[in-house]
Amino acid sequence: MQRFKDLQDINLHFSKFLNTKIILNNNQKIGNLSDFFVDYEEIFPSVLAIQYKKNRQFYYIKWEDIIYLSYEKIIVNDDFQKGQSRTYPKASRNKVVTSILANQFTGETIEYPSIGHLIIDKQIVDTNGKKVVRVNDLQMIRSGQELRITHAEVGFSSMVRRLGFSFSLPIIQKILTKYRNLVPHRLINWKYVHAIPNKNINSKLQLTLSNQDIKKMHPADLADILEDLDTQGRNLIFKDLDNKQAADTLSEIEGDLKASLIKDKSPVDVANIISEMDTDDAADILNDLPENRQDEIISNISDNETQEEIQELLEYEDDVAGGLMTTDVFTVMENQTKREVVEKLKTEFEDYPILHDIYVINDTEKLIGTLQLSTLTISSDDTVIKDIMIDHDIKKLLDNSEWEDVAQYLSKYNLITVPVVDHTNELLGMISVDDILPWLLDEKN
Amino acid sequence: MKKIKLFLSNKWAQLLLLLSIVGPGIITANIDNDAGGIATYSLTGAHTGYRLLWILIPITTALIMVQEMSARMGIVSGKGLADLIREKYGLKITFYSLIFLVVADLGNTMAEFAGIASAGEIFGVSKYLSVPICALLVWLLVTKGDYKIVERIFIFGCTIFLSYVISGVLSNPDWSLMFSSLLKPSVASIKKTDFPIIVGLIGTSITPWMQFYIQSAVVEKGISKEHLWHSKIDVIVGCIFMFVVTLFIIVSCAATMFNSGINITSAKDAALALKPLAGSYSSILFAIGLFNASFFSAALLPLATSYYVCEGMGWESGVDKTFKEAPNFFGIFTTLVFIGSVLVLIPNINLFNILIWSQVLNGVLIPLILLYIINLCNDPEIMGEYCNSFLYNIFSYGITIIIFIANILMIYFEVFAN
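Protein chains in written order, with our numbering: chain A, 1 to 445; chain B, 1 to 418.
Not one of these hints is a red herring.
Dumping the calculated SDA-like pairs for lysine to any residue here, alpha-carbon to alpha-carbon at most 20 angstroms: (1) A/K265 x B/H227; (2) B/K144 x A/E254; (3) A/K265 x A/R293; (4) A/K122 x B/K92; (5) A/K265 x B/E220; (6) B/K225 x A/S260; (7) A/K122 x B/L98; (8) A/K258 x B/G222; (9) B/K88 x A/F58; (10) B/K324 x A/R186; (11) B/K148 x A/L257; (12) B/K92 x A/L18; (13) A/K122 x B/I93; (14) B/K148 x A/E254; (15) A/K53 x B/E381; (16) B/K221 x A/E227; (17) A/K131 x B/D320; (18) A/K263 x B/E220; (19) A/K130 x B/E325; (20) B/K221 x A/L257; (21) A/K122 x B/E316; (22) B/K88 x A/M159; (23) A/K16 x B/I93; (24) B/K148 x A/S260; (25) B/K92 x A/T20; (26) B/K324 x A/E227; (27) B/K191 x B/F416; (28) A/K258 x B/V319; (29) A/K131 x B/V319; (30) B/K221 x A/S260; (31) A/K54 x B/K88.
I should point out that these hints are in silico values taken from the structure, not numbers from a laboratory.
Since the structure is predicted, the reported quantities are computational estimates derived from the model, not experimental observations.
Start from the sequences, fold in the hints, and give me the full structure.
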């Protein structure tokens with residue numbers, strides 16, 4: 001079969017196929033190509049059928065019936081099978097490795113939408129570049145007798161081509177070869193493409209964002225993506241995260257968006273998410289909510305200790321030490337040995353994102369010493385804390401210190417973390433240097 | 001901060017806060033009273049008296065419908081207008097429409113700077129001083145400052161327009177004549193020369209860029225479908241407010257200038273409308289109002305344009321991003337502010353004409369945008385069960401056709417019959 005006899009370009013583009021006339025061998029016209037149906041279950045989806053529109057109805061012709069394909073015309077078998085539907089039945093093949101997009105369709109889907117309708121001019125998440133972009137075109141290749149989609153195109157070239165100015169592209173590219181950065185030929189490999197569902201009324205085509213790649217992203221990157229999405233896409237992704245992921249991502253999101261993401265959740269759900277956070281992040285979020293909501297959520301926190309700690313933190317203004325600190329502090333007693341401390345650490349280490357200094361308290365919770373983790377590590381198992389801790393001139397801050405003073409203090413004494421005490425020297429919490437950075441970078445205003 | 005929070009938990013304070021947390025409708029009302037708006041309304045009053053007052057009612061009705069559609073689209077779809085246009089009509093249509101829109105917005109930006117220049121001239125400050133300084137301030141305010149604060153100050157400053165209402169009342173108008181002119185449509189009373197004013201009135205009330213702005217504002221607020229009614233009320237209230245202010249601007253100008261046969265050729269003349277209220281201080285009062293409206297619109301308008309262009313073309317946007325991260329966004333904004341302000345500095349250019357004709361340009365473009373909006377509002381894939389009803393469609397398409405006819409008539413009389 002000489003399907004691609006006249007299609008010799010290496011890189012093919014979806015937009016160039018649009019409106020190509022479809023004819024029979026005797027030149028009788030059937031219609032103009034409007035879209036492709038592809039097999040989403042492949043890493044680089046192959047075309048299963050072409051779609052055309054006639055008298056406001058959508059029809060499709062299977063790939064097997066296509067004898068000849070080029071940008072100018074498409075010739076089909078005389079006895080081609082015409083399907084009348086806006087969707088295409090799912091090819092039921094069991095594949096082990098599937099593309100992101102295939103995974104996005106919920107298990108119930110038996111019909112697939114066409115690829116242009118799904119992706120062209122719509123926004124997608126680029127899980128590699130970790131941002132939200134809008135698709136201008138699709139890049140395809142010939143592979144044997146099949147046509148496959150390899151990339152989503154988002155850059156300047158694809159925009160120029162869609163506008164019909166592709167004749168000018170070589171000229172533009174010649175002029176701009178010096179400024180290669182300005183004309184990025186942005187291609188996103190299909191395996192990183194993550195579609196963002198429309199509020200699609202046709203429930204047969206439900207696309208969900210239940211997708212592993214999204215969940216593997218760093219919370220800070222995911223937060224950036226959520227900030228770029230519209231309300232609906234945002235809520236859909238967020239809804240799917242488990243409590244821990246939701247908590248981590250929520251901490252990284254800016255201001256107003258935080259509140260709006262949890263707006264529609266029940267107090268119990270919010271409480272569960274909040275419990276997974278560090279207490280200072282939890283207090284930050286609750287701070288932005290109206291008081292009655294705050295109380296509702298706090299009362300639903302199952303762990304009493306966490307509940308108390310958060311409530312204490314809410315008493316502080318957010319720009320003083322008390323408002324910046326977390327109450328999750330690793331503490332030991334002075335008469336413990338290194339062995340005992342390490343045992344304790346083994347069970348608790350996950351609660352402490354930054355563990356640089358260990359704080360030593362007495363039985364009335366007063367801060368009596370500090371100890372660097374490195375010092376502990378090089379000591380022998382039988383060493384008693386009292387002997388290796390620093391118990392004089394302990395660097396600490398009062399809970400009402402202003403954030404500027406906290407920053408200066410950390411800088412002056414080269415501290416990564418600093419303990420926060422009240423006027424009776426009782427240890428309340430600690431501030432680490434990453435809590436102060438947003439204030440210094442002016443992000444908190 | 002704690003004390004403020006205690007205060008805010010008080011019910012009355014919450015109500016006050018609610019009013020100040022402006023809904024999109026109130027924003028519209030105030031932005032309609034920008035430099036171009038004030039000029040157009042003043043001109044209407046001074047040159048036509050009460051003759052064209054009746055047009056205000058259909059215009060306000062049209063405005064309510066259009067705003068309501070944009071708000072509804074934003075709430076139901078969760079997307080901006082440029083986003084929806086791009087997704088439904090594709091890149092080509094979006095691109096060419098955006099070109100027209102940007103040209104119109106450039107005209108509007110020029111109008112804002114013309115307003116700044118005019119206000120400055122009332123105070124005796126040359127435009128070569130006021131415009132560059134303000135252009136720089138505007139640019140800094142948006143790129144380095146917080147534009148949300150800009151919105152708030154602007155809206156607060158717009159309370160100055162109540163002075164028109166007071167002035168209108170004080171000028172002792174012929175109330176019965178006013179009401180009958182308002183409520184009795186008389187197509188026969190339209191003169192050939194009225195058409196630019198009519199198209200200008202339409203264009204300054206229903207600006208294309210406002211539709212994008214409203215929808216984005218609604219989306220950003222994250223209003224849910226359950227609160228649809230709330231936003232409809234907000235739109236209606238905003239439009240009624242605009243209607244009242246517009247009415248009294250026209251009435252004040254009619255009373256002070258039409259009857260004495262005074263023609264408006266510059267902003268200084270338009271200030272006369274406030275004489276009944278402020279006497280010899282009328283110019284100063286007017287200049288303050290004009291400056292406030294112009295300055296903040298000069299900040300908000302190019303910003304809104306940059307946002308919706310980037311949204312439609314798929315470019316990075318956001319004031320909190322750096323130049324490197326969102327080059328197109330900042331590029332568009334800077335270009336609009338720059339060209340808009342530079343063109344105003346051309347020697348001997350008639351500032352008032354810029355103010356009027358920029359609104360006329362809006363009026364010409366608005367039927368196109370309306371077509372998009374109505375078409376999108378009828379798409380079940382976007383709106384689900386919230387599509388326009390059949391009756392609503394008749395009204396909307398009817399309005400679009402009428403505006404289009406007005407445009408045609410204007411072009412005919414201005415270009416060909418002259």
